[in-house]
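Novice: Below are the chains, spelled out letter by letter.
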Amino acid sequence: DSGVTQTPKHLITATGQRVTLRCSPRSGDLSVYWYQQSLDQGLQFLIQYYNGEERAKGNILERFSAQQFPDLHSELNLSSLELGDSALYFCASSQDQGGQQETQYFGPGTRLLVL
Amino acid sequence: TQLLEQSPQFLSIQEGENLTVYCNSSSVFSSLQWYRQEPGEGPVLLVTVVTGGEVKKLKRLTFQFGDARKDSSLHITAAQPGDTGLYLCAGEQGNNRLAFGKGNQVVVIP
Numbered sequence: 001d002s003g004v005t006q007t008p009k010h011l012i013t014a015t016g017q018r019v020t021l022r023c024s025p026r027s028g029d030l031s032v033y034w035y036q037q038s039l040d041q042g043l044q045f046l047i048q049y050y051n052g053e054e055r056a057k058g059n060i061l062e063r064f065s066a067q068q069f070p071d072l073h074s075e076l077n078l079s080s081l082e083l084g085d086s087a088l089y090f091c092a093s094s095q096d097q098g099g100q101q102e103t104q105y106f107g108p109g110t111r112l113l114v115l
Numbered sequence: 116t117q118l119l120e121q122s123p124q125f126l127s128i129q130e131g132e133n134l135t136v137y138c139n140s141s142s143v144f145s146s147l148q149w150y151r152q153e154p155g156e157g158p159v160l161l162v163t164v165v166t167g168g169e170v171k172k173l174k175r176l177t178f179q180f181g182d183a184r185k186d187s188s189l190h191i192t193a194a195q196p197g198d199t200g201l202y203l204c205a206g207e208q209g210n211n212r213l214a215f216g217k218g219n220q221v222v223v224i225p
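Heads up: the sequence lines are chains A and B, in that order.
Take 1 as the starting number for the first sequence in this note's numbering and just add one per residue.
Take 116 as the starting number for the second sequence in this note's numbering and just add one per residue.
Excised from the complex, chain A in its bound form (with noise of 0.2 Å):
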C-alpha cells in the first residue's frame, strides 16, 4: 500500500459526458502528479501541483483540468470524454522538498471506460 488513495477505481461513461477523478496524496507529501495509461502511449504525465499550485504540464488535453485543494487532495477533471480517452489514470505523490530524485508514490489507479 503506497498511501495514495484514488477513486473510484472504475468508471464506465458514454462519449460526451465529464467525469471527476480523486486523489488523497500520502500523509505529509505537498506534490501530486496525474498520468494517463493506454496501451499505446504508455504512461504519459499530465499535470503537476504543488501545495495548491500548477508546477508543471505535460500531455494534458484542453477538455482536461486538474485543482489541489487546500487539504491537498486533488481532482483530475475530464469532459466531452472521447473513446480514446478510455486508459487507466494514476496518481502519484512526493514530498518535493527541493531536492532532484524523490520518490513518487503511485497510487492504485482508476480505470476509465468510455462508451
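Keep in mind that the hints are not guaranteed to be accurate.
[Stated by the list, open to error] Ranges of calculated distance between the beta carbons of each label pair, as one might list FRET restraints:
1. ASN133/B x GLY52/A: 16 to 22 Å
2. LEU115/A x GLN124/B: 26 to 32 Å
3. THR166/B x THR20/A: 39 to 45 Å
Rather than coming from a laboratory, the hints here were simulated on the basis of the structure.
We treat Cβ as the ideally placed atom computed from N, Cα and C, and that holds for glycine.
Model the placement of chain B on the given structure of chain A, informed by the hints.
Specialist: Just chain B, lined up with the frame of chain A:
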C-alpha cells in the same frame, strides 16, 4: 515519439533463467528510475540510478546506468514467478517530472 524506448516489449522465460531488458534514449537524464507494475496496481519504484556507469543491485536484480546517462539495463538472475510484471524505466526531466518508457512485460513461467 517516445523519449525512452524499452526493449524487448515482451519477454517470456522459464523459472531459473536469466534475462536482461533495456531502456534507451537519445537524451541525457540527470537520473533514471526503474519501476515494476503488477496488474491492477500502480507502478512501484525499484531503484534510482544517478551517476553514469553506476551499477545497483537489489537482490537478484542488477541495474546499470550507461556511461553517457542515456540508457540503462535491468538484469534478473535466476528469475522467479514473482518477478513477473511490467518493468518501466523513467527519466527525470527536471522538477521531478518523469518521462516513462512503454515498459518491458516480463512473464516468468514456473
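Novice: Hint by hint, say whether it matches the structure.
Specialist: We went through each hint and held it up to the structure:
| no. | hint | result |
| --- | --- | --- |
| 1 | ASN133/B x GLY52/A: 16 to 22 Å | violated (48 Å) |
| 2 | LEU115/A x GLN124/B: 26 to 32 Å | holds (28 Å) |
| 3 | THR166/B x THR20/A: 39 to 45 Å | holds (42 Å) |
When held up to the earlier numbered hints, the structure conflicts with hint 1 and nothing else.
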